[in-house]
Amino acid sequence: QQPVQSPQAVILREGEDAVINCSSSKALYSVHWYRQKHGEAPVFLMILLKGGEQKGHEKISASFNEKKQQSSLYLTASQLSYSGTYFCGTVGLSGGYNKLIFGAGTRLAVHP
Amino acid sequence: EAQVTQNPRYLITVTGKKLTVTCSQNMNHEYMSWYRQDPGLGLRQIYYSMNVEVTDKGDVPEGYKVSRKEKRNFPLILESPSPNQTSLYFCASSSDRGPQYYGYTFGSGTRLTVV
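Heads up: the protein sequence lines correspond to chains V and R, in order. If you're matching positions, the first sequence starts at 1 in this note's numbering and goes up one per residue. If you're matching positions, the second sequence starts at 1 in this note's numbering and goes up one per residue.
Pulled out of the complex, with its shape left as it was, chain R reads as follows (with noise of 0.2 Å):
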């Protein structure tokens, strides 16, 4: 089944601890995505990546962190969690064309809770 996996779904951690968040795609899929959903703000974009070794920012890319060594696979990464960053994470991937033309699959979605 064509699917994009993110892990944990859910995680409470301390400020400062740092932290990764997985997200894994089967559909060798070159676009891939970080979102975050807060009540009111609909979904920012963190980070995305448009081919291996090859990333960007998006509109809140401030305290995050991303990698992209491998195709199937891109790692959120929390270096040092602070209680904003306390939110609903998805990652999402697009076919090679991109996702201007065939949009984004999402993962489930991982709930994050910064204590």
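Isolated chain V, as found in the complex (with noise of 0.2 Å):
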């Protein structure tokens, strides 16, 4: 099944903090994050692993509570170039090491 991703969609002002939750009805190895900016491919941000710590880099990170299947990105202070649609993926623990499945998106506009 898909995970379910929320917000749909979010709207800040450069330097506002936002997070984006992942959601999933099944038991999951790991979960990734994707940024894709309008009219290009999704770019691999983060991926988390059970048992993983918490990954991040900068601005942008993310969490993993396994227990509950569920996955948030955080991203701190945001910056013009945080704009575009976040996904998240998940691949679970039975079907499939090699099946990503991926959530509808949250869509991210930053204004100055």
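Hints are supplied without guarantee of correctness; some may be wrong.
[Stated by the list, open to error] Coverage of chain R stretches by chain V, computed from C-beta distances (three or more under 8 Å per stretch; other residues unrestricted):
| id | segment |
| --- | --- |
| 1 | 27-41 |
| 2 | 92-102 |
[Said to hold, decoys possible] Derived pair list, reagent style BS3-like, types lysine-lysine, alpha-carbon separation capped at 27 Å:
| id | chain 1 | residue 1 | chain 2 | residue 2 |
| --- | --- | --- | --- | --- |
| 3 | V | Lys59 | V | Lys37 |
| 4 | V | Lys68 | V | Lys26 |
| 5 | V | Lys68 | V | Lys50 |
| 6 | R | Lys57 | V | Lys99 |
| 7 | V | Lys50 | R | Lys57 |
| 8 | R | Lys18 | R | Lys71 |
| 9 | R | Lys57 | R | Lys17 |
| 10 | R | Lys18 | R | Lys57 |
| 11 | R | Lys17 | V | Lys59 |
| 12 | V | Lys26 | R | Lys17 |
| 13 | V | Lys37 | V | Lys67 |
| 14 | R | Lys18 | R | Lys69 |
| 15 | R | Lys69 | R | Lys57 |
| 16 | R | Lys57 | V | Lys26 |
| 17 | R | Lys17 | R | Lys65 |
| 18 | V | Lys50 | V | Lys26 |
| 19 | V | Lys99 | R | Lys69 |
| 20 | V | Lys67 | V | Lys26 |
Read the hints as simulated data drawn from the structure, not as lab findings. Don't be surprised by glycine CBs; every beta carbon is placed ideally from N, CA and C.
The two chains are supplied separately, each in an independent frame; assemble them into the complex guided by the hints.
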């Protein structure tokens, strides 16, 4: 099943923070986060593995709650370049480690 | 430069006319995959491949075929395209340990319109 992302859309001013959530109904091996700018391909941001640590670099970080099968992406002090659509992708513990299933996406717009 | 190359970028075709979208990667990756992207639905996996001659169905394989005769190439074939296959298609590849560890590198996409 497709993971559920929330919110569907976020509008921010530069410098504000945002949290994007991803929830799955099945047990997960890993959660991935990608960002896609308009007219471009999705770009890999980070992956969180079952039993692994919270990931992040600079002002974008993520967490993975294995018990709840939920992940959150944290964008701190947002910049104009953060605008785009964010997708979470999940790999389940069953059904094949090669099946990366994406959520419907969260559109983020950062304004000056 | 490490990349996944898809061709063509744009394609308009008529219902029933067979077409092939090519995908090639220069990273010696084992894993390759095809996704289609539709508004409000995100990216849905069509087929994936773990190695040469090893392929498996994703979530929306109906109406599509793939082949993996060489490691670098993973073409997507629509034998008899229909209007509901109008979509944005992405090819992606991942390293030896697989996408569950390293994620995917995506191509630039192919926008297909079937009239």
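Taking the hints in turn, this is what the structure says about them:
1. Remark: the segment 27-41 of chain R is confirmed as covered by chain V, as 5 of its residues place a Cβ nearer than 8 Å to a Cβ of that chain, reaching the required three.
2. Residues of the segment 92-102 of chain R lying with their CB closer than 8 Å to a CB of chain V number 5, which satisfies the three-residue condition for coverage.
3. For the suggested pair lysine 59 of chain V and lysine 37 of chain V, the alpha carbons sit about 18 Å apart, so the restraint of at most 27 Å is met.
4. Only pairs whose Cα atoms come within 27 Å are accepted, and lysine 68 of chain V paired with lysine 26 of chain V is accepted, the gap being roughly 9 Å.
5. Taken as a hint, the lysine 68 of chain V and lysine 50 of chain V pair is honoured in the structure, with Cα atoms around 12 Å apart against an allowance of 27 Å.
6. With a C-alpha separation of about 9 Å, the suggested pairing of lysine 57 of chain R with lysine 99 of chain V holds against the 27 Å cut-off.
7. Distance hint between lysine 50 of chain V and lysine 57 of chain R is fulfilled; the C-alpha atoms sit about 25 Å from each other, no more than 27 Å.
8. For the proposed pair lysine 18 of chain R and lysine 71 of chain R, the alpha carbon gap of about 24 Å is at most 27 Å, so the pair holds.
9. Of the supplied pair hints, the one linking lysine 57 of chain R and lysine 17 of chain R holds, its CA atoms being roughly 23 Å apart against a limit of 27 Å.
10. Note on lysine 18 of chain R and lysine 57 of chain R: the hinted pairing holds, with a Cα-Cα distance of about 20 Å set against a maximum of 27 Å.
11. Only pairs whose Cα atoms come within 27 Å are accepted, and lysine 17 of chain R paired with lysine 59 of chain V is rejected, the gap being roughly 48 Å.
12. Distance check on the hinted pair: lysine 26 of chain V and lysine 17 of chain R sit about 39 Å apart at the alpha-carbon level, beyond 27 Å; violated.
13. Restraint check for lysine 37 of chain V and lysine 67 of chain V: not satisfied, since their Cα atoms lie roughly 32 Å apart, outside the 27 Å limit.
14. For the given pair, lysine 18 of chain R sits about 20 Å from lysine 69 of chain R by alpha-carbon distance, which is consistent with the 27 Å threshold.
15. Among the hinted pairs, lysine 69 of chain R with lysine 57 of chain R is consistent with the structure: their alpha-carbon atoms are about 17 Å apart, no more than 27 Å.
16. Restraint check for lysine 57 of chain R and lysine 26 of chain V: the C-alpha separation of about 20 Å stays at or below 27 Å, so the hint holds.
17. For a cut-off of 27 Å, the pair hint linking lysine 17 of chain R to lysine 65 of chain R stands: about 14 Å separates their Cα positions.
18. This hinted pair checks out: lysine 50 of chain V and lysine 26 of chain V have alpha carbons roughly 13 Å apart, not beyond 27 Å.
19. Proximity of lysine 99 of chain V to lysine 69 of chain R is assessed by CA-CA distance (about 21 Å); at most 27 Å being required, the pair is judged to hold.
20. Proposed proximity of lysine 67 of chain V and lysine 26 of chain V is supported: the alpha carbons are some 10 Å apart, at most 27 Å.
In terms of the numbered hints stated before, the structure departs from hints 11, 12, 13, listed from lowest to highest.
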